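*Asks:* Each protein sequence line maps, in turn, to chains A and B.
End of the first sequence sits at 443 in this note's numbering; the numbers just go up one at a time, nothing left out.
End of the second sequence sits at 227 in this note's numbering; the numbers just go up one at a time, nothing left out.
Misleading hints may appear alongside valid ones.
Claimed, not checked - Taking lysine-lysine and the DSS-like style, the derived pairs with C-alpha atoms no more than 25 Å apart in a straight line are:
1. B:56 - A:243
2. B:165 - A:193
3. B:134 - A:359
4. B:131 - A:359
5. B:56 - A:427
6. B:165 - A:427
7. A:359 - B:218
8. B:218 - A:243
9. A:154 - A:69
Said to hold, decoys possible - Only some residues are given here: those of chain A computed to face chain B with a beta carbon under 8 Å:
10. 431
11. 434
12. 438
These are calculated hints, taken from the structure and not from any lab test.
From a predicted model like this one, the values you see are computed outputs, not experimental measurements.
We put the beta carbon where it would ideally sit given N, CA and C, even for glycine.
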Amino acid sequence: MPSINLSATLQSIPHNAQEPIVDQFFATRLLEALGFNQGEVYPQYESGAGPVDYAARKNVEDNVFLNTKSNPYLLVELKGRDINLAEDSASYKNTVTQLRRYLLASNCKTAQWGIITNSIHIQLFRKHDRVIHPATPCLKLDSDNIDDTVALIKQKLDQPTKALIVAVYNNKGGVGKTTTTINLASILSLFGKKVLVIDFDPNQQDLTSSIGLPLSEGDVYQSLVNKNVDIRSAMQAYTFRHKQTGKEFGFDVIPADKTLVDADEKDIRQLLKSHALHQKLNSLAADYDYVLIDSPPNWRFYSQQAVYAADVVLIPAKHNNLFSLENAATAIKQFIPETQRARGDGGPIALPIFFNGEKTTPSQQEAAHQAINNIIRQAKREGFDLLRYFYPRYTNANRDYYVFEVPSYAHIANAAFSRTPAVYCNKTAFEYYLALAKEYFLQ
Amino acid sequence: MSSLSDIGNLMHLYLDEISPGEGTTAPDFLIQAAANLLNQSGGRNWIPVIVQETNKDQYQVIGNSFIYAVAEAANLERVWCIIADSSEETVKITQVLAGETVPQINLSIASRDEIMAALQYLIEQPGSVLKGVKLAVVTNRLEAAPRQYWKTLEPIASLKCGITKGKKLDALKQVFYLSPQSMPEVVKDPAILNSLTTDELKKMAKTRGFTGYAKMKKADLVELLCQ
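Construct all of the structure, not just a fragment, from the sequences and the given hints.
*Replies:* This is the structure in structure tokens:
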């Protein structure tokens, strides 16, 4: 295939070109360079929530995208050079919101990628079911790096990874991380998803014991420190048979490792880099739809590994526990950006928090709102916008203080006694975790 | 549009040329207190009444009827109005935008988020009959149900999600309407089959050429038609 030289194209774009000019000079060439030819690109595609500038998909035999306009693979939202797309600018945030809306719209269920660009900046986003997360940082284009940048994007489009890696994290204990992990895994597996769960809290080991699996005797440790040991050797399968239908459900588990309990953190750090788990999981990403990592309530070795390995971080909190809210804010303001800088590929990002907890009364809700408002105000002074992580539906005109909630019931906690995830044995738990899975993940 | 048409214009009309239409149900206090304030502030209603022209110099209120009621209580001779066209859709959208009626969504094709938002609205209404209904549960059931074929909302009552026939089901009629697809001749999905009545299932068995179904129970019919 002849490689397309985009650096000349880039130089030819007028300095302050508005959207129609960027469109004319740049858009088609970019899509061509990404491997989409005539008949595979449709302009002003009706997403179901308004027209997106371009939609593209490779033609399969006689299914020509231009004619069928079905099942787009990639969406591109174009802006003029007069719109600033540098990260943290207001117009960048608006453009990302716009792209997210298109990606989630009814005609774009099959779309897996979204690009925003104004020919000065470009950023690729990946969509996995309902989750949209950055697949590259927001990159600045110049005539020297554009061909490499586009090649990097093309490589991601051509070889999509299957799995979404989710770290369940809050450095406050007792907010329901393990319960969330195990029940989410169960629900996703009921919906035909292939799921791997990692118990990465070796001191607590709750996840492993809550479903009655034996602890690992050093296999996980070996596979982490030793390049040549496959992490599959530490894996165990958890299966559950439905009493009436006889159907089997389940997921794979990497249990907590006994040897990691006794190991001194200093010693482990000498052997393991911060990306050790991330690297090991890359080899598994093709086998699973979801990888869920349960992490310990602190910001030390294991949670750092878990967050580093993740595409997205799911943060449970409690409406009646101020520290769980403050710690969620700390993770979003400090730990996650720190990890992003170390990784350099735009990930991981935090999903909006949700409340895991006892039934709320209106006055408790009011108190929680007050606390959250204070946290948001405080963060704003430090230059962070936390609004979308706490109130995802809030807009300037619509003060919607919606936060997703999973009410905790005694039977969800009691399920641990039967060594079975609550959603497999309790209808109410099933309904609430189904709602959680639908809110964040399933489309 | 002709330059002689008043549609879209802001006009200062005589109150006695405007018929109030459906009127407002706002409490008397709000009307009287607003009327006092309106008189004290110069008697100009900056938010206009929306009217349509029914005859020459004859108008009818289609939106903001509260403001009409206030103008009447303030004894204004004239009131500021915007003249709208007289189509059915205009009346509908105007009343929705004025917050006077609740917009409905099409349950046959609505997304999960839309269904959830509609239900949440109903549950949070003061004095709602749906208090105690679990939002997550109803949303899950409604989303998964074969609602594209429903001709009425009645099947919701048999989803076992806390919505029973009567007041609760009626409450849902405020926000949902249906535009059903016709049922295809061959349906094998047990979830859809279970939502039909025994009579309908027997009809389906007949058109598909089965025999011996006459005395079957519903569960057996579903099993037969699943094949």
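*Asks:* Could you check the structure against the hints above and give me the numbers of any it violates, in ascending order?
*Replies:* 1, 2, 5 and 7
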